[in-house]
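Chains as they are written, first to last, in the working numbering: chain A, 1 to 95; chain B, 1001 to 1370.
Worth flagging that the hints you see were computed from the coordinates, not collected in a lab.
Mixed in with the good hints, there may be bad ones.
Unchecked claim - Selected chain A positions facing chain B (in silico; Cβ < 8 Å):
(1) 13
(2) 14
(3) 15
(4) 16
(5) 41
(6) 53
(7) 54
(8) 55
C-beta atoms are modelled at their ideal positions from N, C-alpha and C, and glycine is treated no differently.
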Amino acid sequence: MGPIPTITMHVPGPLRAYCAGAVQLSIAACTVRAALEDLERSQSALYRNVCDETGKVRRHLNVFVNSNNVRDLEGVDTTLRPGDVITILPAVSGG
Amino acid sequence: MADRVMLTIGTKKGVFVADAAKPRRSFALRGPFGPGVPVYSTLIDTRGTPRLYASSCNPFFGMKVLRSTDMGKSFKETKSAPAFPKEDGRALANIWSLEAGSGKKDLWCGVEPSSLFRSHDGGDSWDLVPGISNHEHARKWQPGNGGLCMHTIIRDGNRVHLGISTGGHYLSEDGGETFRASNQGVGAGFAPDPYPEFGQCVHKIARHPDAPGRLYMQNHGGWAEWTGPGGPRPDIGVLRSDDYGHSWRSIAKGLPSDFGFPILVHPQDADTVYVMPLEPATRSCPGGAPAVWRSENGGESWSRLARGLPKKQSYFTVLRDAMDIDRLKAPALYFGTTTGQLWIGREGGEQWECLFDSLPPIHNVKVAVV
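Model the full structure from these sequences, guided by the hints.
Right, dumping it as structure tokens:
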């Protein structure tokens, strides 16, 4: 097993108030799930905006690894590689 | 000395605050606070220095509770919102009711999926109330059109009345430790059994503090023509209890429809009650002509209050928490519409006037004299 990759998590504007204004976070994690678990420990206020009490990503949020929605990959079990960028975005919906 | 009338207006796009001097001639509007985010419940807490609360139900980032300590000039998030324990398996979908508790900073909060939380520190931390949230019926309740919501919390010493849609009326007589379904006489139109133990779609419950044994209920009516199993259920929509909610009887006779959402009691007269009858199919007033209906004898007879309201072509809905009444000597009623109008009914609803006509769709209206 190799070293744990370090990835970047891009924080959307409306959520930066929950992580001291950070635009992005550097996280060491092998999967999206592990990155979210890291977020739960290190940025609990931000985490509560991204995941509900059961640990699921909120229904109207999309999580991308680079340009791919994790729904089209392996969900939160999607494997991360060094330098990957996780982006969390509200789904564009409604009218 | 309380000298201003304050309104909180929860809308699809945030919460607004309006206030006026006691004659209520002109209201000044502020907001929206929590802009762009739906607000389904507000509370004007007049114990001590007034505090305003609003639930901010963000479909993307989850639920927040907003609090104002400067009379609605600004709002900030409390340190946390209600949340289920991780192992519970339920996730908070909405916040439907905020009520003051007995202690100075005690708050009660009803949520979706129907559960009850309490805070002892003004909304900074919350505890699940297991007696109802983990009730043996809780996993059997079904969502109504608005969701599975606990929308009514009425406290009366050790008695606690809860209204759940759909779930029915639940009563605690030990301060909220334990609850039991208390729906004798409360009909349901969407089940073969017209009078089930629980599962009724209660829309709102109201009572007068000086007559705690008397409660009024706006239930989900509109089933007079039902021809399926169990037969028709006329007049199940507007009900009254005279025994602290242990049993209920219809007081719908004389109304143009027994369907509706809000129900209010006059602040100085427990016999005077207000409803807004709606056609069940459209959720708008019969004939497109809005009217509040008032009974001054506890529901024995009803009269129509519509002076100043549109006479035709008005198809808005007034939702369960979008009507309130102030506590001044000649009280005024207020209702907000799904088309964004806020109306005031002066002299107990005798004369209506539109205060604001282009707000976002209104979910919630609360009033207090502060």
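Going through the earlier hints one by one, which of them does the structure break, listed in rising order? 1, 4 and 5
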